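**Student:** With the hints as extra help, turn the sequences into a complete structure.
2 protein chains.
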Amino acid sequence: MKVSELGEFGLIQLFQRIVGSPGDDVVVGIGDDAAVWRSNATLQVATTDALIENVHFTLGHTSWRELGWKALAVNLSDIAAMGGRPKCALVSLGLPSDTDVEGLAELYEGMVELARLFNVDIAGGDVVAAPVVMLSVSMVGTADHIVTRAAARPHDQIAVTGLLGASAAGLHMLKKGLLFDSTTAPLREAHVKPYPRSVEGQVLAENEVRAAIDISDGLVGDLSKLCKASSVGARLYAHQIPIHPAVHTVFKQEALNLALSGGEDYELLFTDTMEVVAKVKGLMPCPVTVIGEITSNEPGRVRLLDENGNEMALERKGWEHFAPDDDDKPNEP
Amino acid sequence: MKVSELGEFGLIQLFQRIVGSPGDDVVVGIGDDAAVWRSNATLQVATTDALIENVHFTLGHTSWRELGWKALAVNLSDIAAMGGRPKCALVSLGLPSDTDVEGLAELYEGMVELARLFNVDIAGGDVVAAPVVMLSVSMVGTADHIVTRAAARPHDQIAVTGLLGASAAGLHMLKKGLLFDSTTAPLREAHVKPYPRSVEGQVLAENEVRAAIDISDGLVGDLSKLCKASSVGARLYAHQIPIHPAVHTVFKQEALNLALSGGEDYELLFTDTMEVVAKVKGLMPCPVTVIGEITSNEPGRVRLLDENGNEMALERKGWEHFAPDDDDKPNEP
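Going down the list, the sequences are from chains A and B. Its first residue numbered 1, the first sequence is counted upward by one per residue in the numbering used here. Its first residue numbered 334, the second sequence is counted upward by one per residue in the numbering used here.
Simulated from the structure, these hints should not be mistaken for laboratory data. Certain hints may be false.
Residues from chain A that face chain B, not an exhaustive set, calculated with beta carbons under 8 Å [unchecked claim]: (1) V3; (2) A34; (3) W37; (4) N40; (5) W64; (6) D78; (7) A81; (8) C88; (9) V140; (10) P154.
In this text the structure is predicted, and so the values were computed from the model without any measurement. Using N, Cα and C, we set each Cβ at its ideal position, and we do this for glycine too.
**Tutor:** Encoded structure:
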């Protein structure tokens with residue numbers, strides 16, 4: 001069935017059924033003018049991220065269910081990067097009138113699957129007509145202590161969660177129409193169904209880690225943003241970058257570049273003293289790797305060093321919308 | 334300048350400059366992974382609304398500044414309909430790469446103009462590439478007491494703020510290319526720069542009014558939704574509907590229909606006992622008119638009566654996205 005046959009209000013009822021009853025704290029969920037929930041926290045955290053068809057995804061590469069998961073995941077990642085606890089999501093959906101209703105049911109099922117893992121309520125949204133599929137999710141959460149981009153200090157260690165480059169590698173393979181096997185399946189998964197570092201972000205907040213950012217636009221690009229916000233520089237040690245092993249296997253010489261600039265890894269990058277980083281590393285449920293150091297010179301500038309301390313060229317700085325060299329970008333054209 | 338020349342991060346800096354310093358409660362505004370603010374309220378309220386080019390607006394009819402105002406206004410209206418106090422807005426923006434940067438500056442100026450009137454902070458957002466202009470604003474606020482759609486009771490009076498039909502009349506004139514004079518200028522204004530009933534919504538909440546909804550999809554359509562949510566019916570008195578005088582002047586026989594089903598008036602409809610409605614009417618800074626009564630029969634059904642109590646035909650029920658008769662709708666094609 002097409003959405004033009006079911007209509008806006010039929011769609012909202014369908015979404016309401018899939019989402020089910022909200023948690024006890026939610027006073028008003030889907031179906032009123034606004035969502036309402038109880039909160040005793042003093043700090044409220046909110047973020048929004050849009051995914052546009054043929055810009056961020058194509059339905060040939062990503063299933064509806066994966067798209068729903070990912071739309072929620074990218075917002076969870078932003079809340080995690082601030083050290084927040086996610087609470088409620090609002091889903092703003094733009095749809096062509098011939099969009100398949102069963103696909104949209106799967107989209108919501110994908111969102112609900114991830115939402116349940118982190119006790120997040122999908123509490124409202126908006127459905128409108130649009131020329132392509134457009135998904136804008138907003139997420140609201142709470143925090144006791146927040147971790148911004150702006151407090152990194154010279155001599156801080158730079159650490160990252162997880163392994164890098166997998167998402168961009170998966171996207172490259174999807175775009176080239178390559179088949180995935182048991183070695184490369186995690187690359188596809190990293191791109192279409194990223195797992196947000198929600199728990200890890202809260203570990204950062206509980207330990208009052210100085211600065212953090214999520215790696216959505218690429219390691220170098222996002223580290224540059226953190227450096228600019230903190231008025232510091234950074235050096236990265238190329239040989240310490242935790243590249244996903246399957247990226248090495250498939251992309252060989254290109255693997256480092258994918259890990260540095262590929263984007264969409266949704267890992268967390270954070271900085272603090274050696275002692276704090278070591279402590280946090282012990283508490284984290286995922287691998288944590290020290291990959292560099294914050295410096296006092298050249299605010300915003302990231303330098304890449306090889307194992308002999310010699311500077312290496314940085315090819316590109318990560319994903320930017322509207323950038324002139326869009327064709328060269330790892331994201332969908 | 335086009336956005337492809339300025340780039341995503343240049344745009345974000347431009348928006349940051351226009352928005353300026355956030356209020357004292359805002360700990361982190363535009364420029365980090367998420368926005369953060371302090372809140373001591375126990376109830377949090379959130380809503381989201383998307384405006385899509387050539388669906389909700391065309392830039393030939395609406396200036397960038399008006400579009401910015403309206404994108405914020407429709408969200409303020411939703412928060413008002415719940416009796417909430419607006420606090421922070423997040424702006425998710427999809428843009429073609431040839432979008433004019435000066436236009437976008439005006440868009441933000443329009444948002445800021447309205448935001449300042451209600452002490453709302455534009456605290457974050459997202460900018461992405463898209464095939465048409467897409468604006469999805471989310472707004473978060475607080476409340477001590479909320480007013481839902483679901484608590485209307487039989488024998489409640491039905492009341493509305495302000496005058497109806499002006500927005501749809503203005504849109505009709507814009508689409509027909511008619512010129513506006515001093516009489517009809519308010520019709521254009523009602524469509525492109527609606528004034529949200531934020532203060533009025535808080536009066537409803539303070540007086541613990543039973544049920545409310547904002548009139549975004551048309552009086553009859555939105556009243557039907559309130560009736561369905563409350564499991565009640567309603568009768569409307571046609572001769573009591575407060576039609577904007579300029580709608581009468583220009584649209585004559587069609588005026589009542591525009592007021593009943595035109596949509597986008599962004600007035601508040603609420604229901605309570607005669608005593609409460611009279612009290613609230615005395616406290617409101619705008620006209621309030623009693624236009625009907627909640628009934629116990631036929632849940633969800635709205636009947637229209639003439640001054641002799643005879644039932645009149647209801648032509649259409651209001652705006653719905655993806656509805657088969659889209660061409661007949663007052664909104665942009």
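**Student:** Now tell me if each hint is right for this structure.
**Tutor:** So, going through the hints one by one against the coordinates:
1. Interface restraint check for V3/A: the shortest CB-CB distance to chain B comes to about 5 Å, inside 8 Å, so the restraint holds.
2. For A34/A, the shortest C-beta to C-beta distance to chain B is roughly 4 Å, which falls under 8 Å, so the interface hint holds.
3. For W37/A, the shortest C-beta to C-beta distance to chain B is roughly 5 Å, which falls under 8 Å, so the interface hint holds.
4. At about 7 Å, the closest approach between the beta carbon of N40/A and any beta carbon in chain B falls short of 8 Å, and the interface hint on this residue holds.
5. Hint status for W64/A relative to chain B: violated, with the closest Cβ pair at about 17 Å, above 8 Å.
6. For D78/A, the interface hint holds, since its Cβ comes within 8 Å of a Cβ in chain B; the closest pair sits about 4 Å apart.
7. The beta carbon of A81/A comes within 4 Å of a beta carbon in chain B, closer than 8 Å, and the hint placing it at the interface holds.
8. With a least beta-carbon distance of about 7 Å to chain B, the hint placing C88/A at the interface is held under the 8 Å criterion.
9. Nearest Cβ of chain B to the Cβ of V140/A: about 6 Å, under the 8 Å cut. The hint holds.
10. A cut of 8 Å between beta carbons decides the hint on P154/A: the least distance to chain B is about 21 Å, and the hint is violated.
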